[in-house]
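Student: Listed below are the residues making up each chain.
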Amino acid sequence: GEDVEQSLFLSVREGDSSVINCTYTDSSSTYLYWYKQEPGAGLQLLTYIFSNMDMKQDQRLTVLLNKKDKHLSLRIADTQTGDSAIYFCAESIGGTYKYIFGTGTRLKVLA
Amino acid sequence: NAGVMQNPRHLVRRRGQEARLRCSPMKGHSHVYWYRQLPEEGLKFMVYLQKENIIDESGMPKERFSAEFPKEGPSILRIQQVVRGDSAAYFCASSPAGGLVSYEQFFGPGTRLTVL
Numbered sequence: 203g204e205d206v207e208q209s210l211f212l213s214v215r216e217g218d219s220s221v222i223n224c225t226y227t228d229s230s231s232t233y234l235y236w237y238k239q240e241p242g243a244g245l246q247l248l249t250y251i252f253s254n255m256d257m258k259q260d261q262r263l264t265v266l267l268n269k270k271d272k273h274l275s276l277r278i279a280d281t282q283t284g285d286s287a288i289y290f291c292a293e294s295i296g297g298t299y300k301y302i303f304g305t306g307t308r309l310k311v312l313a
Numbered sequence: 006n007a008g009v010m011q012n013p014r015h016l017v018r019r020r021g022q023e024a025r026l027r028c029s030p031m032k033g034h035s036h037v038y039w040y041r042q043l044p045e046e047g048l049k050f051m052v053y054l055q056k057e058n059i060i061d062e063s064g065m066p067k068e069r070f071s072a073e074f075p076k077e078g079p080s081i082l083r084i085q086q087v088v089r090g091d092s093a094a095y096f097c098a099s100s101p102a103g104g105l106v107s108y109e110q111f112f113g114p115g116t117r118l119t120v121l
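Sequence lines, in order, name chains A and B.
Counting from 203, one number per residue, gives the positions in the first sequence under the numbering used here.
Counting from 6, one number per residue, gives the positions in the second sequence under the numbering used here.
These are computed hints drawn from the structure, not numbers from a lab.
There may be inaccurate statements among the hints.
Said to hold, decoys possible - Covered by chain B, according to a simulated footprint, are these stretches of chain A (three or more residues, beta-carbon under 8 Å):
1. 236-249
2. 297-305
Said to hold, decoys possible - In silico DSS-like pairs for lysine-lysine, Cα to Cα no more than 25 Å straight-line:
3. 238(A) / 272(A)
4. 300(A) / 56(B)
5. 300(A) / 32(B)
6. 238(A) / 49(B)
7. 269(A) / 49(B)
8. 32(B) / 238(A)
9. 49(B) / 300(A)
10. 49(B) / 272(A)
11. 300(A) / 67(B)
12. 300(A) / 76(B)
Quick reminder that beta carbons are idealized off the backbone N, C-alpha and C, glycines included.
Same shape as in the complex, but just chain A:
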């Protein structure tokens, strides 16, 4: 099937790390993405990873990819209240324009 799965909610305290998980479906996906959606706004690309990488770090963001299990995670270090949003993972089917999105994880950061 073409379902990308994510847990719906995550709540963390300010300053802690957040880990958002995603299970994707297509082993031919070349690119895997993390998008952030703030209330009333469009999706903002946070980071992406090529399928031949295991890890990518970008400031407070760390992406881990386990191709064997088709598992992708996004770690946000030192989570801030401004990180509260919905986070979507997405895969690019065959490396093309066809993106398959997960249901989104709503991250709530408690002060």
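We have chain A; now place chain B onto it with these hints.
Tutor: What follows is chain B alone, placed relative to chain A:
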């Protein structure tokens, strides 16, 4: 440089009416994508257009839905005779190029359609 713009942001229609959703891509972008997000679901690909051409409409329902991207003006997603099940958020994205190679897609804020 303005981002992708969509209007209206909220649209309410009664069953049987028509809904027209507009998307202006980022400046310099000639590739447009429409996605639909049903409540509690992820975004689903609907259609991919270039100027005056529909490239891939495999995700769009065959009936009542149509999309265009004219030479001048915004891309339009049109839903005729709306039903309650059409209630969703409709997102538009654009990219500077496209085709079979994946390019970053820049998303608009979406149009929330409510069908009464």
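Student: Which hint numbers doesn't this structure obey?
Tutor: Hints that this structure does not satisfy do not exist here, as all of them hold.
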